[in-house]
Amino acid sequence: MSDPRLHYRAPLLRTPFHPRIAEANVLNQWGAWAGYTTALALQDEEMEYTAIRNGASLYDLCPMVKYRIMGPQAAEYLGRLTLRDVVRQPVGTVRYTAWCDDAGKVLDDGTLFRLAEAEFMLCCQERHLPWLLDAASGFDVAIAEITEAVAALSLQGPCSASVLRAAGLDVSALKPFAVTRQEFAGTTLTLSRTGFTGDLGYELWLAPEAALPLWDGLMAAGAPWGIRPIGSNALNLARIEAGFIIANADFVPAEQALREDRPRSPFEIGLDWMIDWQKGHFNGRRALLAERDGQTSRWALVALDIEGNVPAEGALLYHGKTREVGHITAAAWSPATKRNVALASLRRPWDRTAADDLWAEVYALRELHYVKLMLRARITERPFFAPARRRATPPEDF
Amino acid sequence: MPSSDAIVIGGGPNGLAAAARLAASGRRVTLCEAGAVAGGGAVTAEFAPGYRVSGLAHLLGHLDARVIAGMELERHGLAFAATGLATTAVSATGDHLRLEGAAGARLTGRIAPEDVLAWDRLRSRLMAFAAALAPMRAMAPPRLARGAANEMLRLARVGLGLRRLGRDEFREFLRMILINVADVAEDELSDDRLGGLLAFDATLGAWLGPRSPNSLILYLDRLAGGMAGQQAALALPKGGMGTVAAAMARGAEAKGVVLRTGARVARILVEDGRALGVALADGEEIRADLVVSAIGPKATLAGLVGPRHLDTGFLRQTAAIRARGGAAKLHLALTGLPDFRGADPKTRLVIAPSVNAVEAAFNPVKYGEVPDRPVMEAILPSAHEDGFAPGGHHVLSAIVQFAPHAPKDGADQARALMLERSLAVLEDHAPGLGALIAHAEMLMPQDIAARHGMVGGAWHHADLAVEQMLFLRPFAAVAQYRTPVAGLWLGGAGCHPGGHVSGAAGWNAAGAILAEGGR
Ligand SMILES: Cc1cc2nc3c(=O)[nH]c(=O)nc-3n(C[C@H](O)[C@H](O)[C@H](O)COP(=O)(O)OP(=O)(O)OC[C@H]3O[C@@H](n4cnc5c(N)ncnc54)[C@H](O)[C@@H]3O)c2cc1C
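Same order as they appear, the protein sequences are chains Z and X. The first sequence begins at 11 in the working numbering and counts up by one. The second sequence begins at 16 in the working numbering and counts up by one.
Hints listed in this document are in silico derivations from the structure and should not be mistaken for laboratory results. Note that CB positions come from ideal geometry on N, CA and C, so glycine has one too. Some hints could be false.
Claimed, not checked - Some chain X residues flagged as far from chain Z (calculated, every beta-carbon gap over 10 Å):
1. 18
2. 20
3. 49
4. 51
5. 143
6. 194
7. 287
8. 323
9. 325
10. 326
11. 331
12. 337
13. 351
14. 379
15. 432
Stated by the list, open to error - Short, incomplete list of chain X residues facing chain Z, as computed with Cβ under 10 Å:
16. 99
17. 321
18. 327
Said to hold, decoys possible - One-sided and incomplete, this derived list gives chain X residues near chain Z with beta-carbon spacing under 8 Å:
19. 106
20. 109
21. 322
22. 328
23. 329
Given only the sequences and the hints, what does the whole structure look like? Please build it.
Structure (structure tokens):
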């Protein structure tokens, strides 16, 4: 694969963990994620989900798009790029963030790691290098995409801290959204207490060469806790329970949207709490200020409880069973809460006025035959599942 | 307490016009001009001891009638050495064609009667199209957005003007509006001199050749101008362009504008998304709630405001503004009157022998090279009045096209070559001219950029071309003179309707500001 003209021979790349995942993937279920082959499920989806909530799970995060931003004005630059204040973000912390185009529509959300005074890592779903570079005009920063240069592994579950300790990594003092560096088998790992499950968990960032030794080390150390590699399907269920949203699932990144009403502002996907109005100019500020002051937001992101147990994936939402007022972007039967839950994009003001009379139109496939169900939907709190263990420091010893 | 109500940046024709109109409405206006005198592209300058010439722009064809009246320019010294200036299509063999009246109403010289007829037909058609479009020059470009507050009355007038052309002529208008001028010349004319003149006048000051798409519309824009109440007519200001600048400066001061020369603006002060004033290069700050920038849009937004206050998509569009100068300026100090084989030295002398000669002069600049045979427009102001050269001596002022704005062999070499080749063309048309030269000055686009602050040496601060016209000038988000920074407006040649020594853009910008209640 040294000749770039032969790229078509391998339309999907393999991550540094691929050899181990391929071995474990007895179901042989694969999906494409950002140009990589990734496992959807390896052996048993339910067991994989159970590992997230009751034991320890390993998930290959390599395809996550990563950028390194360095330079004396990196913090100011990121403050100008994203919605939150970055100058005051302490070194050694991670922040969930998002950024917008000129019209105040969300381009992506992601996590921002402050690794040093003048060094950050930004992780997200979609690729944004041209935008990041153009936004850097006037700032003393260097921006590089490091997706391939950094392998990433997510270790999630109530026993994840115990697994790390058994592997020789001490994370007892690491608070949620903190990041640190530690030695492991002769290389330096970046270790953050972050994840996409809403549970206790960690993400590990390292050089691709060190990927397999880390995998093997964690699998060996985690055996007593039933550690298990998981696929994207199990993770997706956990993230819905945690109420997290994903670009291109719960909202269309503004740069990719073709239809006029598809882009969403932070107000419209529940990210407006991020906006720091005091920090000075940031991209989209003028449009967002006008949206805030003019109350012109058109959509709202809501969490729903749906009656019954049929997941309402993709269902249209109606007020009084007749007037279409929105649609569901993610839905699942939640094992942890024993509820039929969903995330939805609801046209305002129906997020407030339709609360008592909201219906999901679900087509349930029953032996090759769709049955149409009108299921009552109730607006509820997000997240659906938020165990105290996700925050406890030091983490509980399971 | 702000020291002024409004600050205007740049004392060119547009800055002066904007400042005067704002001051006339009762605002306290400070105008900051970097140079030692106001005027911008309108200057009379000594380029060799004892020899003076219009240092950049040399003919008036677009000075806005609203500006002349509103600033009382005639009372403040505007006067003409010639109005309704005739043009000579200069031939290397002495077979000249003389065009009199606006844009060649009458032809004299050796020419076939059917060619005269063809010219009359084409000219009157294009004059009618241009007249229908002319009201556009005096309004803010319409917005295409839903529910936009447009100047419906003025727009209706343009629409009515087009309707008045009649059905057949309106169809012709639609056919021709986006066509290139070379096709028109070849379809309608068989006389090379007329074709060459048409091609030259359409592309003067532009960065395109006669065969480039949409070149005819620039000719229509030229015909939409005019002087002394006559459509498309040209005038020669008495004393050179410096007189126009001085009259505008006096006119502005008479309205109460505080004119500060030697005041280069280094930064526009922006806080919380709003302009608060300017900081000068020497550190002084001047505060005002309203700032109008009449320098180039790119220099204003990417430079004086700076990227930190602007959104990324907006900055991308700012960076994409095209500003390429293709016109060089030649000044000659002459020990006697040159003889262009009998051509009247008081006319505008255009050396552009055919459509292809103009096209061939444009081709090399695409590759950063100097053309073999530049085409040009020359005038001899000293043939009209004294004061430009010592007794019996003369000065020649020529706009020479096309000059590479990014010469591949370096600026000095390109300048020397451009001079050498321009003089060779002149010698062919006025034998013996070379022997009269006491001093020669060639200003290449980059010299003009350095001397006058016009990005790229571009005539209109931003290319005037269909994709940067009207509601796309300089790009859609700022086409109505308003910028996303509250209180900051654009009003220079980079805005609709473009440049020339005109003041139209500045006058329009001030109008748009006043219509918004002055903020
Ligand atoms: C070669 C050539 C020949 C031309 N010939 C003609 C002609 O014959 N007839 C004609 O009508 N037009 C001609 N033009 C075009 C004409 O000169 C311009 O279109 C016109 O000058 C534009 O006017 P303006 O007021 O917008 O800007 P300018 O005339 O460019 O004025 C801008 C002013 O802003 C000042 N300035 C710049 N930066 C700063 C700063 N940071 N702070 C303060 N002040 C600043 C400059 O010093 C300048 O005085 C010619 C142009 C060129 C290049």
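Now the hints, each set against the structure:
The claim that residue 18 of chain X lies off the interface holds: its Cβ sits roughly 25 Å from the closest Cβ of chain Z, which is beyond the 10 Å cut-off. With a least CB separation of 24 Å from chain Z, residue 20 of chain X remains clear of the 10 Å interface cut-off, as annotated. Every Cβ of chain Z is farther than 10 Å from the Cβ of residue 49 of chain X; the closest lies at roughly 22 Å, confirming the non-interface assignment. No Cβ of chain Z approaches the Cβ of residue 51 of chain X within 10 Å, the least distance being about 31 Å, so the stated non-interface status holds.
Distance to chain Z confirms residue 143 of chain X as a non-interface residue, since its nearest Cβ pair spans about 40 Å, more than 10 Å. For residue 194 of chain X, the requirement that its beta carbon stay farther than 10 Å from each beta carbon of chain Z is met, with the minimum near 33 Å. The Cβ of residue 287 of chain X sits about 8 Å from the closest Cβ of chain Z, inside the 10 Å cut-off, so the non-interface label is violated. Non-interface status of residue 323 of chain X relative to chain Z is broken: a Cβ of that chain comes within 10 Å, the nearest being about 5 Å off.
Distance check for residue 325 of chain X against chain Z: the nearest CB is about 8 Å away, which does not clear 10 Å, and the non-interface claim fails. A cut-off of 10 Å between C-beta atoms contradicts the statement that residue 326 of chain X is not in contact with chain Z; the least separation is 4 Å. Not every Cβ of chain Z is farther than 10 Å from the Cβ of residue 331 of chain X; the closest lies at roughly 6 Å, contradicting the non-interface assignment. Here residue 337 of chain X stays apart from chain Z, with its beta-carbon at least about 18 Å from theirs, past the 10 Å limit.
Against chain Z, the non-interface label of residue 351 of chain X holds: every CB pair exceeds 10 Å, the least being about 55 Å. Residue 379 of chain X, annotated as away from the interface, keeps every beta carbon of chain Z farther than 10 Å; the closest lies near 33 Å. For residue 432 of chain X, the condition that its CB be more than 10 Å from all CB atoms of chain Z holds, with the nearest at approximately 36 Å. Annotation: residue 99 of chain X was flagged as interfacial toward chain Z, and the flag is violated, the nearest CB pair being 49 Å apart, outside 10 Å.
The interface hint given for residue 321 of chain X holds, since its Cβ lies 6 Å from the closest Cβ of chain Z, which is under the 10 Å cut-off. Below 10 Å, beta-carbon pairs count as interface contacts, and residue 327 of chain X has one with chain Z at about 4 Å; its hint therefore holds. With 8 Å as the threshold, the beta carbon of residue 106 of chain X stays out of range of chain Z, its nearest partner Cβ sitting at about 52 Å, so the hint is violated. The restraint placing residue 109 of chain X at the interface with chain Z is violated, with a minimum CB-CB distance near 57 Å, outside the 8 Å limit.
Interface hint at residue 322 of chain X: satisfied, since its Cβ lies 4 Å from the closest Cβ of chain Z, which is below the 8 Å cut-off. Contact between residue 328 of chain X and chain Z, as hinted, is supported at the beta carbon level, the nearest pair being about 4 Å apart and thus within 8 Å. Given the 8 Å rule on beta carbons, the hint for residue 329 of chain X holds: about 6 Å separates it from the nearest Cβ of chain Z.
Of the hints listed earlier, those the structure fails to meet are numbers 7, 8, 9, 10, 11, 16, 19, 20, in rising order.
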